[in-house]
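J.: Could you build the full structure based on these sequences and the hints that come with them?
From first to last, the protein sequence lines are chains Y and F. Under the numbering used here, think of the first position of the first sequence as 109, with each following residue one higher. Under the numbering used here, think of the first position of the second sequence as 193, with each following residue one higher.
Hints may contain errors.
Stated by the list, open to error - Chain Y is faced by these chain F residues, among others (derived, beta-carbon under 8 Å):
| no. | residue |
| --- | --- |
| 1 | Arg201 |
| 2 | Phe205 |
| 3 | Glu207 |
| 4 | Lys232 |
| 5 | Lys237 |
| 6 | Ala243 |
| 7 | Ser244 |
| 8 | Glu248 |
| 9 | Pro250 |
| 10 | Arg252 |
| 11 | Ile253 |
| 12 | Ala254 |
| 13 | Val386 |
| 14 | Arg388 |
Just so you know, these hints were derived from the structure itself, not from any lab. Ideal Cβ positions, reconstructed from N, Cα and C, are used throughout, including at glycine.
For reference, the chains in residue letters:
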Amino acid sequence: MIFREVEDRDLIEQARRGKVEAYNLLVSRWEKRIYNYLLRLVKNREDALDLAQDVFLKAYQNLRKLEDPGRFGPWLYRIAHNEAYSSLRRNRPETDLEDADFEPWVQPGPGRRMLPIEVSLAVERAMNVLSSDQREAVVLKVYQGFKFEEIAEILGCPVSTAKSRLYTALDLLKGTLSSVHMRGAE
Amino acid sequence: MSCSPFDLRDYFFGELSPAERSSTENHLTSCIACREELAKLADVKNILLSASADEEPPRRIAFVSDKVFELRWWQRLWTAGPQLGFAGAALLAAAVLVHGVLVRPIASAQSPTTLAKAPIPPAATIDKAAIETEIQRRVQAEVAKAVAAHDSEERTKVLEFVNTRLQKSERRNSRELVLIEEYLEKLDKRNATVQRAMMFNE
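T.: Structure, rendered in C-alpha cells:
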C-alpha cells in the first residue's frame, strides 16, 4: 500500500459521517493559521481566540454545505473573514476602521540599521496606513500564501479586485517602508 | 514602470504559467531595472515577514468532543438517517410480532371443528385496529417524552452558553476596572505632587 498523508478532503468526508476525531484533526491542522489571520485583523489575542472558536464551530455546523471538500481552506477563511468583520463592526461601530490607531511615524536617522522592535513598529504603522481591504489582501497573500483565486473566494470579490488591492497596498508599503533598514541585512 | 513582458508582481508571487514565467526570467537576465524592481518587492516582503511571525494560540481551540461542539437535537436527528431507518425497520418488525402474538390466541382458543365451521372472525380486524391505536398511542407518548427531554437539554445548553459569555464579559470588565482604578490612582498622586509643588512655590 502506498503511504499518503490523510488529506483534508478525507477528513471532511469522515467528519460528515459523524467521525468526531476527523474534525478534531482538522481543527489541529488549521487552528494556528486561522488564529494568526484573525489576530492580524482584530489585533487582540483574546478576541482572536474567541473568534477562532466561533469559526470552527460554524464550520462544523455547516460542513454539509461545503460543496467541494478540496476548497476547505478558502471556505474556512471566508467564515473567519465574516466573523472578524462582524466583530469589528460590533465593537467599534463609531470608528472608521481604516483610520484606527494611526500615528505619524518618526523616521530613524538615515542609513541606521533598526532593531527588530523598531522594524515591527514601522511595519505596524505602515499597515495602519492601508485601508482594511488592502491590509487583508496583504495578510492573505504575504502571511498566509494564498493564490489570488483563493483570496477572491475568501473576500467574495473578483480576482482582479483582489489583485488590485494587493498591488496598491504594496506600492504604498514600498513608500512607507523605504526607510526601514533591518539589522543583519545589506 | 516595469518593461517586463508579464507583470513582475505576478512573477514574484508565483502567479504566472510556466511559459510566462520562463519568458519573464529571460527578460530579467538582461534588464537591470526589472531586477531592481524585483529586489524592492522582495525587500518589502522580507520586512513584513520579519516584523510579524505567526504565534501559537494561547489556548487550544475546543475539540468536537468538547461540550461546545455538541450538535443540537434536530441536527442529531438530521444526521442520523441510517440509524433512524434501522430503528424504523426494527419498530415495524416488533409491531408485526406483537400483532401476531396478540391475534393468534383468539383463533387457537376455538376448537379445530368450530374453526373449520366458523367463518373468518370479524373480531380479528377489530383487534388489529385496537392494537394499531395502542401502538400509535405509545409511539406518540415516547416521541413527546423524547422531545421534552431534548427541549430541556437545549434550554440547559443555552443557559450554559449565556452564562459563559456573561462570565467572560464580567472578567473583561473587571480587568478594565482595575486598569481605570490604577490610572485614577496615578492621577491622584500626580495631582498631589503638583499641589505640593504649588504650595512650595507660593
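J.: Now tell me, hint by hint, if it's right for this structure.
T.: Hints and how they fare:
A cut of 8 Å between beta carbons decides the hint on Arg201(F): the least distance to chain Y is about 6 Å, and the hint holds. Taking 8 Å as the C-beta contact cut-off toward chain Y, the hint placing Phe205(F) at the interface holds, the least distance being around 6 Å. Because the closest C-beta pair between Glu207(F) and chain Y is about 6 Å apart, less than 8 Å, the hint holds. Because the smallest distance between the Cβ of Lys232(F) and any Cβ of chain Y comes to about 6 Å, under 8 Å, the interface hint for this residue holds.
Interface hint at Lys237(F): satisfied, since its Cβ lies 6 Å from the closest Cβ of chain Y, which is below the 8 Å cut-off. Interface hint at Ala243(F): satisfied, since its Cβ lies 4 Å from the closest Cβ of chain Y, which is below the 8 Å cut-off. A cut of 8 Å between beta carbons decides the hint on Ser244(F): the least distance to chain Y is about 6 Å, and the hint holds. At its closest, the beta carbon of Glu248(F) sits 6 Å from a beta carbon of chain Y; the interface hint therefore holds under the 8 Å criterion.
Hint on Pro250(F) holds. Least Cβ distance to chain Y is approximately 6 Å, under the 8 Å limit. Restraint check, Arg252(F) versus chain Y: the minimum CB separation of about 7 Å is within 8 Å; hint holds. A cut of 8 Å between beta carbons decides the hint on Ile253(F): the least distance to chain Y is about 4 Å, and the hint holds. Proximity of Ala254(F) to chain Y holds as hinted, the smallest CB-CB distance being about 6 Å (cut-off 8 Å).
For Val386(F), the interface hint is violated, since its Cβ never comes within 8 Å of a Cβ in chain Y; the closest pair sits about 27 Å apart. For the restraint placing Arg388(F) at the interface with chain Y, the shortest Cβ-Cβ distance is roughly 34 Å, beyond the 8 Å limit, so the hint is violated.
The earlier numbered hints that this structure contradicts are 13 and 14.
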